[in-house]
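Under numbering that gives the first Met the number 0, the first residue of the sequence shown is numbered 0, with each subsequent residue one higher.
Please note that a few of the clues may not be correct.
[Unchecked claim] With beta-carbon atoms standing in for the labels, derived distance ranges: (1) Glu-16 with Asn-57: 12 to 22 Å; (2) Glu-69 with Glu-16: 28 to 38 Å; (3) Gly-15 with Glu-69: 17 to 27 Å; (4) Arg-47 with Arg-20: 17 to 27 Å; (5) Leu-53 with Gly-15: 31 to 41 Å; (6) Asn-57 with Thr-30: 16 to 26 Å; (7) Glu-69 with Arg-19: 12 to 22 Å; (8) Glu-68 with Thr-12: 31 to 41 Å; (9) Glu-68 with Gly-25: 27 to 37 Å; (10) Pro-28 with Glu-69: 12 to 22 Å.
No lab work stands behind these hints: they were computed from the structure. C-beta atoms are modelled at their ideal positions from N, C-alpha and C, and glycine is treated no differently.
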Amino acid sequence: MQVNQRGIIRHITAQGELGRRIRDMGLVPGTPFTVVGRAPLEDPVALRLRGFTLTLRNNEADFITVDVEE
């Protein structure tokens with residue numbers, strides 16, 4: 000996804016500790032978010048959701064399925 004694109008989280012495929020950590024950050028199905036930034040090498044990505052901004056590494060984001068808003 001590109002900076003300023005919006006999406007909605009549909010599914011988290013991570014299991015165990017990683018899955019719990021992703022959910023604990025507020026990344027749960029049905030949550031809308033906006034990509035607000037990317038590091039120079041595209042990793043990590045900054046997301047704005049639920050009134051705060053968090054960064055997520057690409058290898059963590061690989062476990063999150065989203066619907067991209069056009």
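Verification of the supplied hints:
Distance hint check for Glu-16 and Asn-57: the Cβ-Cβ separation is about 18 Å, which falls inside the suggested range of 12 to 22 Å. Between Glu-69 and Glu-16 the CB atoms are about 34 Å apart, so this pair conforms to the stated range of 28 to 38 Å. Between Gly-15 and Glu-69 the Cβ separation comes to about 34 Å, which falls outside the hinted range of 17 to 27 Å. Checking the proposed 17 to 27 Å range against Arg-47 and Arg-20 shows it holds: the Cβ atoms sit about 19 Å from each other.
For Leu-53 and Gly-15, the Cβ-Cβ distance of about 20 Å falls outside the hinted range of 31 to 41 Å, so the restraint is violated. Here the CB-CB span from Asn-57 to Thr-30 is close to 19 Å, well matched to the stated 16 to 26 Å. Judged by the Cβ atoms, the range 12 to 22 Å given for Glu-69 and Arg-19 is violated: they are separated by roughly 32 Å. The beta-carbon spacing between Glu-68 and Thr-12, approximately 21 Å, falls outside the hinted interval of 31 to 41 Å.
Checked against the hint of 27 to 37 Å, the pair Glu-68 and Gly-25 fails, with Cβ atoms roughly 18 Å apart. Range check, Pro-28 to Glu-69: about 20 Å between beta-carbon atoms, so the 12 to 22 Å window is met.
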